[in-house]
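Trainee: So the chains spell out like this:
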Amino acid sequence: MSTIQTTPRPLVILAAFFLAVGLWQIGEGSWIYAKARLAQVLLRRAWFRTLAGETQVRPWPWADTWPVSRLRVPSQHIDLIVLNGAYGRTLAFGPAFVESSALPGAGGTTILTGHRDTHFAFIRQLKESDEIVIDRPDGRSTGYRVHETRIVDARTDSIFLSDETKQLILLTCYPFDAVFSGSPLRYLVRAIQPPSAPPRSIDRPAGTDWSAQGESAQPR
Amino acid sequence: MTRRNETAQWDTAHRTRHVFLLTMLMLVLSWTGPQHVILACGEPPSTESGMTLNEVTQGSLLFKTHEVGRYKPAPLLKTDVRISVTGIIARTTLTQEFVNPSRLKDDWAEGIYVFPLPETAAVDHLRMKVGDRTIVGEIRERGEAKRRYEQAKQQGSRASLVEQERPNIFTVSVANIAPQDRIIVEIEYQETVRYDHGAFSLRFPMVVGPRYIPGTPVIIEEETQGSGRSSNTDRVPDASRITPPVQHPHRGPINPISLTIDLAAGFPLGKIESPYHDILIIADQDGSRHITLRQDVVPANRDFQLTWHTAGGPSPTTIVYQEPHKESTYGMLMVAPPASAETVTAPPREAIFVIDTSGSMAGTSIEQAKAALVLALGRLDAQDRFNVIQFNSATHLLFSEPQTVRTDTLGKAVRYVERLHADGGTEILPALMMALKGSLPATHLRQVIFLTDGQVGNEDELFDVIRAQLGTSRLFTIGIGSAPNSHFMRKAAEFGRGTFTHIGSTSEVKAQMDAIFRKLERPVLTDIQVRGFEATVEMFPPRIPDLYDGEPVVLAFKTSHVPSTVTLTGTFNARAWTQTVDAAGSQSRNGLSVYWAREKIASLMDQPRLERGEASIRELVLDVALAHHLVSPYSSLVAIDTEPIRPTNTLLTTHAIKTNLPEGQNYQAVLGLPRTATTGPSHLLIGLVTVVLAFLLWRSRHRIA
Chain A
1 MSTIQTTPRP LVILAAFFLA VGLWQIGEGS WIYAKARLAQ VLLRRAWFRT
51 LAGETQVRPW PWADTWPVSR LRVPSQHIDL IVLNGAYGRT LAFGPAFVES
101 SALPGAGGTT ILTGHRDTHF AFIRQLKESD EIVIDRPDGR STGYRVHETR
151 IVDARTDSIF LSDETKQLIL LTCYPFDAVF SGSPLRYLVR AIQPPSAPPR
201 SIDRPAGTDW SAQGESAQPR
Chain B
221 MTRRNETAQW DTAHRTRHVF LLTMLMLVLS WTGPQHVILA CGEPPSTESG
271 MTLNEVTQGS LLFKTHEVGR YKPAPLLKTD VRISVTGIIA RTTLTQEFVN
321 PSRLKDDWAE GIYVFPLPET AAVDHLRMKV GDRTIVGEIR ERGEAKRRYE
371 QAKQQGSRAS LVEQERPNIF TVSVANIAPQ DRIIVEIEYQ ETVRYDHGAF
421 SLRFPMVVGP RYIPGTPVII EEETQGSGRS SNTDRVPDAS RITPPVQHPH
471 RGPINPISLT IDLAAGFPLG KIESPYHDIL IIADQDGSRH ITLRQDVVPA
521 NRDFQLTWHT AGGPSPTTIV YQEPHKESTY GMLMVAPPAS AETVTAPPRE
571 AIFVIDTSGS MAGTSIEQAK AALVLALGRL DAQDRFNVIQ FNSATHLLFS
621 EPQTVRTDTL GKAVRYVERL HADGGTEILP ALMMALKGSL PATHLRQVIF
671 LTDGQVGNED ELFDVIRAQL GTSRLFTIGI GSAPNSHFMR KAAEFGRGTF
721 THIGSTSEVK AQMDAIFRKL ERPVLTDIQV RGFEATVEMF PPRIPDLYDG
771 EPVVLAFKTS HVPSTVTLTG TFNARAWTQT VDAAGSQSRN GLSVYWAREK
821 IASLMDQPRL ERGEASIREL VLDVALAHHL VSPYSSLVAI DTEPIRPTNT
871 LLTTHAIKTN LPEGQNYQAV LGLPRTATTG PSHLLIGLVT VVLAFLLWRS
921 RHRIA
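Just so you know, the protein sequences line up as chains A and B, in that order.
Using my numbering, the first residue of the first sequence is number 1, and each one after it goes up by one.
Using my numbering, the first residue of the second sequence is number 221, and each one after it goes up by one.
Hint data in this document are derived by calculation from the structure and do not stem from the laboratory.
Note that the structure is a prediction, hence the values are computed from the model and not measured.
Note that beta-carbon positions come from the ideal geometry of N, C-alpha and C, so glycine has one too.
Any given hint could be a false lead.
Partial list, computed: chain A residues near chain B (C-beta under 10 Å) [what the hints assert, rightly or not]:
#1 Val21
#2 Trp24
#3 Gln25
#4 Tyr87
#5 Ala92
#6 Phe176
#7 Asp177
Bound-form chain B, shown alone (with noise of 0.2 Å):
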């Protein structure tokens, strides 16, 4: 061999370490985030699976049958929503086509869908279509409805019935829907507008989130189980009946819905906003406008929320509507007291931050729900003290007791808050009583702020320990993320004696967040009390809640005479407050009464089960109820054709439909099972390689240099 030779292959050797060192290098810093890779993991799934899924046509969804590897496809479902707002109230037509695609001539259907709705809705109208027919449903006990209903069903009779499980959660069940052949379930009803600083808002609900449900599961001898996902627990009765099955976001979106809106405001608009949605607006001569989704259809998969302003000019500030019914006369009154421009000093206040770190929360929620709180954080005052807490499975807390706001103190929660991980159940229980538990100095104002999609079953346990524990705290939710559920927002801070906001996106939280904060350190109207009514009044809410900064008084009431004034007292900043509303020139308005009915029942229902006793309580509701044409839990609206059309020998299948997985919310961490492999294997692998790696740059460090 030369000597040139020997330079020669030196260098060939030399560059080739070379490159061996660079590829190595980049290798190593590529693995450093072995959870991104699929390697292995990604072969092509097995054939022999035995699931006969080629055979269905694409497009229908497959669902469970009793035999193994058939399938039957279910109903499909499309949705159209039709709001018109006249003033603060508004009535909503919700049209539900289900369709049988299946092209099997025996293959009869019925479609059970889980819904939500508003949670303040009064469902008080049902249509069922078939051709050119209109039945129209009627209302009846819930027991009764639902025995006509099955009744309908075994003879072959087409037959639709809507049942309430929750305020805001709705099931409709269609029998009998022929193969290539369609029903149209209409579903009218109405609700009040929220007013809230100056802005008018609506939300249309269009999907239920997976709730998670606590307990062990029990089984009831006679009671029949829901089509959901769960079986029904101790601690939630009716859990089978609010789980509808999910679509895996793999297959595509299903369900798609159309939204109109007719806006009658009653004043010069100006800012209309739909966070959620991309919109079209049109403006009619006479002031009012015409808004519809910019697409056709969007897949029913979150909240849609509209929100609109005045032009300029002042708010409405008083507003009385009446509708004589009857003997009576109903009306509804609405008062935001006037925005107050003295400033005031925030008195020292302890703040408990309760964050939702549950497996529903994963993805765009826990980011919306770390921003808030790292805000909330930053706009403590020196004076204050505060504490974080974090619940999925388990309960954590960051400090054993409520520190002082100093810079460690605030850095440490800071630090805790942006490690925050979203993955597990939704224990909600063991959370709430810690963050309401503990004495505080007579100084300090406790309020426990609470961030949560709220996804879970046991609403109702949970208000009975806000009822009962609440002290002297004030409980504030925030719900979070696309769908929330805006029955226990709601509920929750009226039992807790706050207020609630929702954050849908993380551009909203800014905004959202200065809004609840301006209610919070602001002091609140209290001891409301209202005068001029005769005795007779039947009021409700029956005690009217504290007002925090920007809200309004909202009154249901029942009279046989509207008095010409109505004076409203209460205390506000430790001085007296009175305001007079002239009563003597208001509106008429139609749907009144079902505004006022509506209102009783959600009283009744709020009263605590024990101490009335959940008999009584079905009595009353059902008067109310019945006497007003209205879905509760205890009655329910059913539609039924007159002449049967399915042949007795033919069979009926009962399809779950199923829903969207709510947008940004994680399928695996919300309904799958963990991941089951670990990253040992991974990490070994990456470090042997780099020790080796290690070991030869060491040995070639003088050859490279």
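Bound conformation, chain A alone (with noise of 0.2 Å):
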């Protein structure tokens, strides 16, 4: 048995090591819970400026992407800014339109995605005949009830984009606990704009398909 004074090198400077790297990734894990936060708060100062009449407002001004619409879910306190465009980029800062679906709040099939683990996280929580409100630049909301949720794969499954019913779809990863990411399956919330308050509404063209996925109709 060695004495107990000396301390060996290589063991420190290891443990020092695991200890930067430990942490470095904490940082790195803790930035992404801390910008998708932050950026929020941004963001809805554009939101402001975008119901005041400007259009693609840019939160700050390298962003490639600006507030579409206001999501508000009353029973979970749900109130987040959706940005333009589903890319990865985007994502960081809010849930995202995909921008070749229909318009947030327009009528025909709307469908936003966000990351499961934080701004998209609430939606496990959602129920039949929960209320999902979708304010629009123009001021004017559109309410949809929770019709269904379900778990889709997405290497097999498609969602059906009906033209005539005005609806709204959540997407996110699947299963909502998973430490990694790159899982194949897709949560996903359908919500029903309810038949007795229609607003003004433009008829989406048949023939959008893609998938959970997906087939989005928009490729890059």
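Fit the two chains together into the complex; they arrive one by one in their own frames, and the hints show the way.
Mentor: Here's what the structure looks like:
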């Protein structure tokens, strides 16, 4: 047995290395959450300018996206600004609107997607007949009721987009508690606009076909 | 407890700790790449997803019907391609066989297939084969052809229709395919072979890559939407017609193609290459070659290319063909200026590199583009200036102003390029405007080098910008990937007074970049004039473009009398250049009137729409197209069977035939929604484990030692 006084140097270096890596990883992870929250504050300001009549308001000068609507779920105390363009860059800051689906609140099928562990973590709590409200840039709102929730496999399943019903699809990765990303499964919430309260509606064209993962109408 | 026991126990503990630490270490190391690990996200799919997929037999494709959960199998498509090359003219017969696989008695099908052809193709024949009968297609004004097709479709007669969406995108519609029956459609087209730097080449595209559609969706009441994925938008009014649905690669390749080429080059053949497909070459006694794919069929998922050279001797540098047709003589003239042996010092250049980092570039394409760009940066001279612009949904400049070439600026650029990552939309317009903007000293040549797959639907809008804002810049396009939009590459370079090339695989990067640099660094043959023809001659292109090193003058002409000699003049390296061509002994060839008509249509379509008015261009194009039996944006081929076969009480289901994803593309990046899970939890977990590990290591540091 060696004496207690001498501390073996390689081990100390190794421990320090692990500590550094650990803290770096924790920092990296926390930054993702912090960014998700902070961005929503900046986005709110951009949203109010949008409501005031500006279009494509960039929340920060180098942003390549802008708020398109506000998503509210009163029962879950959720209030989020939805961004244009479902790309990885956009999703870090807020839920995103799949560009080629119908404009949020406009009628037809609107698809919103968000990170399952930040902005869209709440959608697992949604139950049938919960209310979802979409505020539009023109100041009007559209109410939807949750119709179904289900798990789909992005590799095999398709979402059928009805042109007649006005619906909202919220989509996120599944399972919610998985530590690592990259699952082929998706959690899907389908909410339908009650027929009683139709605001101005624009019909969507027939023939838009895409699946959960999916065959989104817009290639890049 | 005895002392011995104690020691043994301690040893065990010691060893356990060792094992524990080692395991942790390995875990941490293996976790540094969390994106490659699929742990909790890989559960088997839920069985309650509500889709009745199991009912469908393997090999069929699934398409949406209006009823959720009920599928009708789409027609299966098989294509056979026969290309016959004579000199520099190629004639291709494309045979598409549509089979309705349904076993249900009343399950009649209409198939709509959006397919690519070479961007210079002149489609002039359509034949529909049912059983042993052949119905020959007729050329009609587009709207009328469509009406006739729709009428036959409603009445229950077999019918087929070929329409042009872009010079390189066509749609074939086939109506009333009986269950378990087939309809064969034969489409014939003619094109000219490309000659560049002593090599002849031919490209046959097999798939329309997924196009990015900018703009906001608009719906016009009377307008019927196409069968594609996208809605029509304000910037791409026919988006729904050029975006066929895409087969998920998980479901395997579809649309098999077989291909044969009869190559009669007209000179002793040397090396024949097909860079993307394995081929078999059989030599005929007369010196021509019979070429087939090594595999019987390949999936329609990438361009086919064939390149041929002469056997050692000099390439034919002058070709004159003629064909008397009706009262006129149609002809073709190709003159390749002899390569200049003199070495010239290149003038200083300002090179603006524009690289596409959209989702369609993800996979092999971005690697090819990056390799090409790094190579290009290395070729810059100390006297040059440069900048790098990348675009996807947004445009980003490396330097706010073009920089002079120095070790530090170059180093920065190379690091920037190596870090590029492909994701997002393809908003070319702002990047293009950015690249064409800018003033520079008159001593510099301004060259914009555009690396992209061109997978967009708003080509005309981009061409307008190039035409209006080119100034003194020259635009060079490098088509990247397995199925680039060659129409965009060719026309953008044409309007940009530059030239284009393709890079289809990583192994080609070096050779193709060398070729393009040879063109960029050498003087250009400009102000080319043709003399010798009488005044009434109609020549296309009306203005001969500048020629880069190794490129020929190619002309289509219609005249009442072919002169004995034609003289070409121009300016090369600030000196006058003249070449006289003996046209008297020109060979007689078929198909030159078709070639001339196709060139005339191309030249009419190149005119700015606003200047002349869409209606007047349409009329001029229709005149040529109808007279020469050609498919154009305003004319289509339609073939209709006489008697109705579908009982009127049965339903006809329309199916959009799916296409493959071009090889090398990443489905997720092109058509998929982004990942909706952050790497936050994995970072946190790895972080915590590593910190705990550090703590354990610190505590046990003496014991381990």
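Trainee: If a hint holds in the structure, say so; if it doesn't, say that too.
Mentor: Okay, the hints, checked on the actual structure:
Contact between Val21(A) and chain B, as hinted, is supported at the beta carbon level, the nearest pair being about 5 Å apart and thus within 10 Å. Against a cut-off of 10 Å between C-beta atoms, the interface hint on Trp24(A) holds, since the closest Cβ of chain B lies about 7 Å away. A distance limit of 10 Å between C-beta atoms decides the matter here; for Gln25(A) the minimum to chain B is near 3 Å, and the interface restraint holds. A distance limit of 10 Å between C-beta atoms decides the matter here; for Tyr87(A) the minimum to chain B is near 5 Å, and the interface restraint holds.
Contact between Ala92(A) and chain B, as hinted, is supported at the beta carbon level, the nearest pair being about 8 Å apart and thus within 10 Å. A distance limit of 10 Å between C-beta atoms decides the matter here; for Phe176(A) the minimum to chain B is near 9 Å, and the interface restraint holds. Among the interface hints, the one on Asp177(A) holds; its C-beta lies about 7 Å from the nearest C-beta in chain B, closer than the 10 Å criterion.
Every hint from the earlier list agrees with this structure, and none is contradicted.
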